[in-house]
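Trainee: Below, each chain spelled out in residue letters.
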Amino acid sequence: MQALALQNVTKSFGPIRALGGVTLSVGRGETLAVFGPNGAGKTTLLKIAATLMRPSSGRVLLFGGDPGQTPALRRLIGLVSHHSYLYPGLTARENLLFTARLYGLPDAPARAAAMLDAVGLARRGDDLVRTFSRGMTQRLSIARALVHDPQILLLDEPYTGLDRTSASAFTELLRAMRGERTVVLTTHSIEQGVALSDRVVILVEGTVAYEAGNGSHNAATVERVYAECVGIPA
Amino acid sequence: MATTVTERPNASSRALDRRGILIWGGGALGIIGMYMAILYAPEEATMSHAQRIFYVHVPAAWIGFLAFAVVFASSVGFLWTRRRVFDLAAHASTEIGVVFTTLAIMSGSVWGRAAWGTWWTWDPRLTTTFMLWFIYVVALMVRAYGGPGGQNARFAAVLGILGFLDIPLIHLSVVWWRSMHPLPVVVRTGGFGSGLPPEMLYALLVNVAAFTLLFAALFSIRRAQMAAQDVLAAREADDRRGTIRRAQPGIGEGSR
Amino acid sequence: MSPLAVVRHLLWKDLVLELRTREILTAMTVFAMIVAVVFSFAFSPSPQESLRLLPGMLWVTLAFASTLGLSRSFVLERDQQCLEALRLYPFDPGLIFAGKLFSNLLALLAVEVLLLPAMAVIAGVPLLPRLGPLAAVLVLGSVGLVAVGTIFSAMSVSTRIREVLLPVLLFPLAAPVLISGVRSTLGILAGRPWADVLPGVRLLVAFDVIFVVVGYLVFEYVVEE
Numbered sequence: 001m002q003a004l005a006l007q008n009v010t011k012s013f014g015p016i017r018a019l020g021g022v023t024l025s026v027g028r029g030e031t032l033a034v035f036g037p038n039g040a041g042k043t044t045l046l047k048i049a050a051t052l053m054r055p056s057s058g059r060v061l062l063f064g065g066d067p068g069q070t071p072a073l074r075r076l077i078g079l080v081s082h083h084s085y086l087y088p089g090l091t092a093r094e095n096l097l098f099t100a101r102l103y104g105l106p107d108a109p110a111r112a113a114a115m116l117d118a119v120g121l122a123r124r125g126d127d128l129v130r131t132f133s134r135g136m137t138q139r140l141s142i143a144r145a146l147v148h149d150p151q152i153l154l155l156d157e158p159y160t161g162l163d164r165t166s167a168s169a170f171t172e173l174l175r176a177m178r179g180e181r182t183v184v185l186t187t188h189s190i191e192q193g194v195a196l197s198d199r200v201v202i203l204v205e206g207t208v209a210y211e212a213g214n215g216s217h218n219a220a221t222v223e224r225v226y227a228e229c230v231g232i233p234a
Numbered sequence: 235m236a237t238t239v240t241e242r243p244n245a246s247s248r249a250l251d252r253r254g255i256l257i258w259g260g261g262a263l264g265i266i267g268m269y270m271a272i273l274y275a276p277e278e279a280t281m282s283h284a285q286r287i288f289y290v291h292v293p294a295a296w297i298g299f300l301a302f303a304v305v306f307a308s309s310v311g312f313l314w315t316r317r318r319v320f321d322l323a324a325h326a327s328t329e330i331g332v333v334f335t336t337l338a339i340m341s342g343s344v345w346g347r348a349a350w351g352t353w354w355t356w357d358p359r360l361t362t363t364f365m366l367w368f369i370y371v372v373a374l375m376v377r378a379y380g381g382p383g384g385q386n387a388r389f390a391a392v393l394g395i396l397g398f399l400d401i402p403l404i405h406l407s408v409v410w411w412r413s414m415h416p417l418p419v420v421v422r423t424g425g426f427g428s429g430l431p432p433e434m435l436y437a438l439l440v441n442v443a444a445f446t447l448l449f450a451a452l453f454s455i456r457r458a459q460m461a462a463q464d465v466l467a468a469r470e471a472d473d474r475r476g477t478i479r480r481a482q483p484g485i486g487e488g489s490r
Numbered sequence: 491m492s493p494l495a496v497v498r499h500l501l502w503k504d505l506v507l508e509l510r511t512r513e514i515l516t517a518m519t520v521f522a523m524i525v526a527v528v529f530s531f532a533f534s535p536s537p538q539e540s541l542r543l544l545p546g547m548l549w550v551t552l553a554f555a556s557t558l559g560l561s562r563s564f565v566l567e568r569d570q571q572c573l574e575a576l577r578l579y580p581f582d583p584g585l586i587f588a589g590k591l592f593s594n595l596l597a598l599l600a601v602e603v604l605l606l607p608a609m610a611v612i613a614g615v616p617l618l619p620r621l622g623p624l625a626a627v628l629v630l631g632s633v634g635l636v637a638v639g640t641i642f643s644a645m646s647v648s649t650r651i652r653e654v655l656l657p658v659l660l661f662p663l664a665a666p667v668l669i670s671g672v673r674s675t676l677g678i679l680a681g682r683p684w685a686d687v688l689p690g691v692r693l694l695v696a697f698d699v700i701f702v703v704v705g706y707l708v709f710e711y712v713v714e715e
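Chains A, B and C, in that order, are what the protein sequence lines are. 1 is the number of the first residue of the first sequence in this note's numbering; add one for each residue after it. 235 is the number of the first residue of the second sequence in this note's numbering; add one for each residue after it. 491 is the number of the first residue of the third sequence in this note's numbering; add one for each residue after it.
By construction, these hints were calculated from the structure, which means they are not laboratory data. Beta carbons are placed, not taken as given, at the ideal position from N, Cα and C, and that holds for glycine. Be aware that one or more of the hints could be misleading.
Listed next, the stretches of chain C that the computed footprint assigns to chain B, with coverage defined by at least 3 CB atoms under 8 Å from CB atoms of chain B [stated by the list, open to error]:
hint : region
1    : 574-581
2    : 625-631
3    : 647-653
Derived DEER-like restraints, expressed as beta-carbon distance ranges [as the list claims (entries may be wrong)]:
hint : chain 1 : residue 1 : chain 2 : residue 2 : range
4    : A       : Gly21     : C       : Arg650    : 52 to 62 Å
5    : C       : Val658    : A       : Asp107    : 46 to 56 Å
6    : C       : Trp684    : A       : Ala114    : 53 to 63 Å
7    : B       : Thr352    : C       : Arg682    : 20 to 30 Å
8    : B       : Thr352    : C       : Pro683    : 29 to 39 Å
9    : A       : Ala114    : C       : Ile651    : 39 to 49 Å
Now the stretches of chain B that chain C is said to cover, found in silico as 3 or more residues with beta-carbon under 8 Å [said to hold, decoys possible]:
hint : region
10   : 324-333
11   : 364-378
12   : 400-408
So that you can see chain A by itself, here it is in the shape it has in the complex (with noise of 0.2 Å):
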């Protein structure tokens, strides 16, 4: 079974099409990187895989169920977005508490407290958010997203904001779920993207363009093609 299947999956806002069918699967444990320039739909494709956005037409299944009938299939999804999701008003550990208490996690304060160590913010847990720079709010926003151990991460641009020492944190950390989780990224960074994945896809213009897998790439192709997909000349 899929951890994740978008089935023909269309997305118009007004008369603008977004997403034009896109059909794509995600085995379960299995990293996909999701290439593409900008309004490719890279965002909507994972806003609608995460349950926020209905597509026009198609399909979203999750371990084969749909979360449109199933809510709480959505417990199995965590997200980290271009917004951090975040209470600036509220301190670290207060965000994650009520993060934890809203997925109704048994023990929440001791999930929270090592969720805040997990991301190297345990000395800050008592500040508020408000005071934090951008790359410990990146921090808290992917702790945040995986206080509830979800099966399926999705990751839009997580490296935003995130200096050389969290990144590769965080890349250790996603290196670490690799195999176990199932993660969908996107990322402008054709390299970072193809180290972490198991499979790439390039979207253009609401559309798969380029879909390998398996180890049959690396990131040299990967960058030709982009390149070809998207009309740049090689």
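Let chain A serve as the given structure and place chains B and C on it in line with the hints.
Mentor: Below, chains B and C without anything else, positioned relative to chain A:
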């Protein structure tokens, strides 16, 4: 959107015939209605010829309320099915509703001046119609400023539903409010149904029928226009995309 | 997890945020007081008149003040798209409405507790003897106002003209609350028999039930993308 593009020519040629019947039928009936209102119906005893406003006022008010009911039904249909046709129906009906409610309020005001010597009175029916008009206008505002990507359609649909459910409550509260403060002038009801001489009733019914046909015609025309606008916008978006793709293939920060 | 627990956690978050800064409460209360004073300047009512004018002044003040709190309540969620995060949880989006309804209601009731004695003093009308029925009407009216207001606040916050749209949406729809609220309050203060006030109270109850239920049902469509 592709389906709309391909289905449209077929649908519009069929609709044109039906629309033609509605327009010509409504127009002809309207002329007969005006003849009956001005020449056929007898002069009313107390109000004299001013009473003839009645034949415009009542049908206009009826269309206003009918339009709101259509908005409600289409809004429910839109939120239920997400089909664009329902949204277009709700939008078209809102616009037509505003026009006819405005007409009803203005003609009612002229009537009030002739009958009660005042342009405006907080009569429950007038007040309710006035609030209805407000809700309609706000719905158009929501459509104009509600945001991109069909968000305005959703918001307008929610407002269409809430507004419709609110109307009986508004009416009841105004009735109760006025009952505590009786009107300074005794309201002369037009004398609905049995109180009306048959000629007046016929004239009224013909006018109501004419207005209803015209509503259906306008409704159909406006929906077709909006559907055509959609098709145009979709093609323009496609064109623009094509050009951008050829002209400047860039990789930048952020994405849609 | 039980719906009640979800609403409790949502409310906890709003209360912690508000009690840490008291932004909304302070703004609402100060604004309400100013409006009440301006009304007195505008009408400078004699003691007899103030009995007749007080209900209207009270409800219009509350309606104005409520828009301040309501419009802030979703700006809070909008800043970092937290509303989107709330939709990721496996519970019914209607519960987000319920949580906001409670926190907005608490804010409005808190303002009323402070405003009522102030208005009684300003207008010179003794409210204490009729406090029970008055409080009942105020609570019923506030529930209705906040129910409609919460839906429209969620809507207007994601439009370009946020603060402008909320009152324009809220006031026509809340007309039954304002009319019934003013008339019931007037009846109570004038010492009319209960039967005279009852139709207004019944209307308020009907309004509350309809819009709390409908709000819960349609909220999903308001917050989705």
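Trainee: It remains to establish, for every hint, whether it holds in the given structure.
Mentor: Taking the hints in turn, this is what the structure says about them:
1. Only residues whose beta carbon comes within less than 8 Å of a beta carbon in chain B count, and the region 574-581 of chain C has 0; fewer than three means the coverage is violated.
2. Counting residues of the region 625-631 of chain C whose beta-carbon sits less than 8 Å from any beta-carbon of chain B gives 0, not enough to reach three: the coverage restraint is violated.
3. With 4 residues carrying a beta carbon less than 8 Å from a beta carbon of chain B, the region 647-653 of chain C meets the three-residue requirement, and the given coverage holds.
4. For the hinted restraint 52 to 62 Å between Gly21 of chain A and Arg650 of chain C, the CB-CB distance of approximately 31 Å leaves it violated.
5. In this structure, Val658 of chain C and Asp107 of chain A meet the distance hint of 46 to 56 Å, their C-beta atoms being roughly 47 Å apart.
6. Between Trp684 of chain C and Ala114 of chain A the Cβ separation comes to about 59 Å, which falls inside the hinted range of 53 to 63 Å.
7. One distance hint, 20 to 30 Å for the beta-carbon pair Thr352 of chain B and Arg682 of chain C, holds here, with the actual separation near 29 Å.
8. Range check, Thr352 of chain B to Pro683 of chain C: Cβ separation about 32 Å, and the 29 to 39 Å hint holds.
9. Between Ala114 of chain A and Ile651 of chain C the beta carbons are some 44 Å apart, a value that agrees with the proposed interval 39 to 49 Å.
10. Counting residues of the region 324-333 of chain B whose beta carbon lies closer than 8 Å to any beta carbon of chain C gives 0, which falls below the threshold of three, so the coverage claim is violated.
11. Here's how the region 364-378 of chain B fares: 6 of its residues keep a CB closer than 8 Å to some CB of chain C, so the rule of at least three is met and the hint holds.
12. Coverage of a stretch by a chain is defined here by at least three residues with a beta carbon nearer than 8 Å to that chain's beta carbons; for the region 400-408 of chain B and chain C the count is 6, and the condition holds.
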